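Asker: For the protein sequence lines, the chains are W and L, in the order given. Numbering (the numbering used here) for the first sequence: 1 to 424. Numbering (the numbering used here) for the second sequence: 1 to 424.
If you're looking for bench data, these hints aren't it; they were derived computationally from the structure. All values derive from a computational prediction rather than experimental measurement. From the three backbone atoms N, C-alpha and C, an ideal C-beta is built for every residue, glycine too. Treat the hints with care, since some could be wrong.
[What the hints assert, rightly or not] Some, not all, of what chain L presents toward chain W, calculated at C-beta under 10 angstroms:
id : residue
1  : Asn100
2  : Gly148
3  : Ser178
[What the hints assert, rightly or not] Straight-line alpha carbon distances no greater than 25 angstroms define the calculated BS3-like cross-link-like pairs of lysine-lysine that follow:
id : chain 1 : residue 1 : chain 2 : residue 2
4  : W       : Lys300    : W       : Lys314
5  : L       : Lys129    : W       : Lys281
6  : W       : Lys202    : W       : Lys273
7  : W       : Lys132    : L       : Lys306
[Stated by the list, open to error] Label-pair distances were calculated between CB atoms; the ranges are:
id : chain 1 : residue 1 : chain 2 : residue 2 : range
8  : L       : Asp277    : W       : Leu11     : 32 to 38 angstroms
9  : L       : Asp409    : W       : Thr57     : 48 to 54 angstroms
10 : L       : Lys28     : W       : Gln313    : 52 to 58 angstroms
11 : L       : Asn344    : W       : Gly72     : 27 to 33 angstroms
12 : W       : Asn236    : L       : Asp409    : 52 to 58 angstroms
13 : L       : Asp229    : W       : Thr57     : 28 to 34 angstroms
14 : W       : Asn236    : L       : Ile168    : 35 to 41 angstroms
15 : W       : Val247    : L       : Gly358    : 45 to 51 angstroms
16 : L       : Val373    : W       : Val247    : 48 to 54 angstroms
17 : W       : Asp229    : L       : His55     : 32 to 38 angstroms
18 : L       : Asn344    : W       : Gln63     : 39 to 45 angstroms
19 : L       : Gly29     : W       : Ser244    : 49 to 55 angstroms
20 : W       : Lys28     : L       : Lys314    : 52 to 58 angstroms
Protein chains: 2
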Amino acid sequence: MVYKSASKEALLTEKETLLKQYEQYKAKGLSLNMARGKPSPEQLDVSMPMLDTLHSTVDYNAQDGLDCRNYGELDGIFECKKLFAEIMGVNPDSVFVGGNSSLNMMFDTISAFMTDSPYNDLEPWFNIKDRKFLCPVPGYDRHFGITGYFGFEMITVPMNSDGPDMDIIEKLVSEDSSIKGIWCVPKYSNPTGITFSDEVVKRFANLKPAAKDFRIMWDNAYAVHDVNDTPDTLLNIVDECEKSGNVDMPIVFCSTSKITFSGAGVAAMSASKLNMDFLKKRYTYATIGYDKINMLRHAKFFGDFKGLKKHMQKHKELLSPKFSTVIDKLNSNFKDNGIAEWTNPNGGYFVSVDVYPGTAKKVVELCKNAGVVLTGAGATFPNSMDPEDKNIRIAPSFPSVEELSLAMDIFCVCVKLAAIDKFI
Amino acid sequence: MVYKSASKEALLTEKETLLKQYEQYKAKGLSLNMARGKPSPEQLDVSMPMLDTLHSTVDYNAQDGLDCRNYGELDGIFECKKLFAEIMGVNPDSVFVGGNSSLNMMFDTISAFMTDSPYNDLEPWFNIKDRKFLCPVPGYDRHFGITGYFGFEMITVPMNSDGPDMDIIEKLVSEDSSIKGIWCVPKYSNPTGITFSDEVVKRFANLKPAAKDFRIMWDNAYAVHDVNDTPDTLLNIVDECEKSGNVDMPIVFCSTSKITFSGAGVAAMSASKLNMDFLKKRYTYATIGYDKINMLRHAKFFGDFKGLKKHMQKHKELLSPKFSTVIDKLNSNFKDNGIAEWTNPNGGYFVSVDVYPGTAKKVVELCKNAGVVLTGAGATFPNSMDPEDKNIRIAPSFPSVEELSLAMDIFCVCVKLAAIDKFI
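Work out the full structure, taking the sequences as your base and the hints as a guide.
Answerer: So, in structure tokens, the structure goes:
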């Protein structure tokens, strides 16, 4: 039914049907969760053999002979640097391997700039009272959380199907030196699932920021995370920035949180010498080094990048039917009726749904009351403020296909229920 | 020979003998290291069975059913909290379990206070232009490194045999609200190996700081690290602060870096609700949670605190002969001749030697040229400035007893060589 062109009577009948369906779902007392991009237990199972790579009778030395059990090696073991270098498409020497969280490395990076600067003639960001950060929306709530915590004014930039609106970004960064950076998930973006086009990456690399310490936080979280056989490709920001001379602008992050274990993976970053010297100056005081045994465990498990890519096929096989389920449900419920729009990503962890404007909060609440937990409405915007109250992030990875199918049925009923009142 | 009362002729003969010995050592082309408090490979070996506690066919759930492989549980799994609570003598609910480095948690703590405050009416420390931190000396170089990095003026306080000079501390903190904290290694202190007396702990708990946000960084790194059968005991700072009403003053840290693996242990902290709420506010944005698989591995390996203490006996057996070697060499070379003084600790990782004033740098250099690497002279002081140029930290844990014995022979010759010139 196309609500816009339906009669009031037809809408009222439809609403009654929807309410009946909703109450039936509610009566089931379900507990389904599509809130966070958490791998399913089956996905975690595929990495269990990694735990067997290191045990009490095997060699615990890195390839250079370093005893991984002891202190040392601030930026990680070489075999892990090499693996991450291939994921990020950078030189191994530019890689810093950290703990289990790339989010933590992003936080540390912003934190470093807050109280210190790589440039003698610039102030730490704490002293920039009107410091600002660009936030493409919808985007990743935990990114916005970091710059929110550090008191940045967060300027939203619309996300298009090929990346953030570069016209707006080029204008803003060239005019305002208090804009210190931008958050990006350039491949299979969180939550829209789109990948930045070559042109967008090139325009990023050729930005002319007013602030010398403007940084692109390039969170390549889903670099190898395809969910079907038509994967996206992402132009290499580091290469492009070398061509444009903006080598110090990008800082690239990735991790194995969604490759091996979300709770016990390994994270890494890569940046120019100026940036890494600046950050290592901090890390030198912050730690003696991260968990090298877990680094070695990962390096031994994968062998090389080819092994890692082969491993990712297993995730793809588990995720593919889940993404299909979500897209199929959306298609069968909302195709051409104007109540919802969504993306159909080739990878990543999310499907972004724009429900009818002004109803996202209502949809999330209706779902919750029927036992389906969604990411909070507005979470994909800084300070959880979605001006049109329409974006909802669907995370299909954790539930089983059966649970997901049921959860999506409920979701679709809720989307219709919330929308129909706007037409009656 | 007592240099002070020896004739010039006797001293010159002695110097010649020493030089001959020194050149003989030098000719051996040795490479010995007593620089850092690194466990020996044999010590790391005793924890190897821990790697077998988790493999692909065992349960990976925490006792509350949480899948340790997945995201979640910001402050760590309960069984690990419980273990650390017993090490620190605190309530498990007050414990935050982190990554592999307690130093990192200390850094994060200072970092949190730099840009934020738990008190609405107080400024973040970044805004306190003359911020100061108290540093008992000799002390731990990495502590001083953190407050140095964050631009604190570091005020040294002499360490006595029962802890830092409390008369000075009481006076300073009560008078100056820009003094924001003090570094402490209260048990088997780094480097002197002394343990704070009950009276010192009580005086700490009863401090009346001018700064409401004055914090005692209580780094209980060697809580269970005895090296002989006459262990020290430390009064519980948290209990004492509860009695005195200063609950928000202490922040306690510990780790398994010198219990299991220095490169892959688990760290933890404990503090009052006000402090933990303040720090968790930061951690909520900084990470989704630390490595729970490694936490579980530790919890399974030890079983309980009794198991952990039993495990520490193995370290004691390995470390005991090394500490004896150092003390025996010092005794046989310097007893009553006035060239060196040292401590004889019951635990920890160091022996602190005060060589003849004005010769520590020279001793370290002589040792280095003969193939024996020591902690840099002055390292135990803020900004590496030892005003008397006399303190040297000996770290006996890493070399074998044979290597250590030889290294100490060389060290003793170098101490004498450096001193004798002061008398000729």
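Asker: Are asparagine 344 of chain L and glutamine 63 of chain W spaced within 39 to 45 angstroms by their CB atoms?
Answerer: Taking Cβ atoms as reference, asparagine 344 of chain L and glutamine 63 of chain W lie about 42 angstroms apart, which means the hint holds.
Asker: Holds or violated: the hint that asparagine 100 of chain L contacts chain W, with Cβ atoms closer than 10 angstroms.
Answerer: holds (5 angstroms)
Asker: Look at the Cβ atoms of glycine 29 of chain L and serine 244 of chain W and judge whether their distance stays inside 49 to 55 angstroms.
Answerer: holds (51 angstroms)
Asker: Does the Cβ pair aspartate 229 of chain L, threonine 57 of chain W satisfy 28 to 34 angstroms?
Answerer: Check passed, 32 angstroms falls within 28 to 34 angstroms.
Asker: Taking the Cβ atom of lysine 28 of chain W and the Cβ atom of lysine 314 of chain L, is their distance within the range 52 to 58 angstroms?
Answerer: For lysine 314 of chain L against lysine 28 of chain W, whose Cβ atoms are near 55 angstroms apart, the range 52 to 58 angstroms holds.
Asker: Quickly compare the C-alpha distance for lysine 300 of chain W and lysine 314 of chain W to 25 angstroms and report which way the hint goes.
Answerer: holds (18 angstroms)
Asker: Starting from the hint 48 to 54 angstroms, judge whether the C-beta atoms of aspartate 409 of chain L and threonine 57 of chain W obey it.
Answerer: Because 37 angstroms falls outside the window, the suggested range is violated.
Asker: Are the Cα positions of lysine 129 of chain L and lysine 281 of chain W separated by 25 angstroms at most?
Answerer: holds (22 angstroms)
Asker: Grab the minimum C-beta distance from serine 178 of chain L to chain W and call the hint holds if it beats 10 angstroms, violated otherwise.
Answerer: Where the cut-off is 10 angstroms and the nearest Cβ of chain W is about 17 angstroms from serine 178 of chain L, the hint is violated.
Asker: Check the following: the C-beta atoms of asparagine 344 of chain L and glycine 72 of chain W are separated by a distance inside 27 to 33 angstroms.
Answerer: holds (29 angstroms)
Asker: Using Cβ atoms only, decide whether glycine 148 of chain L comes closer than 10 angstroms to chain W, and label the hint accordingly.
Answerer: OK, holds: glycine 148 of chain L within 10 angstroms of chain W, min 8 angstroms.
Asker: Using the C-beta atoms of lysine 28 of chain L and glutamine 313 of chain W, is the stated range 52 to 58 angstroms upheld?
Answerer: Once the Cβ atoms are compared, 56 angstroms apart, the range 52 to 58 angstroms for glutamine 313 of chain W and lysine 28 of chain L holds.
In summary, the structure is inconsistent with hints 3, 7, 8, 9, 14, 16 from the numbered list given earlier, while agreeing with the others.
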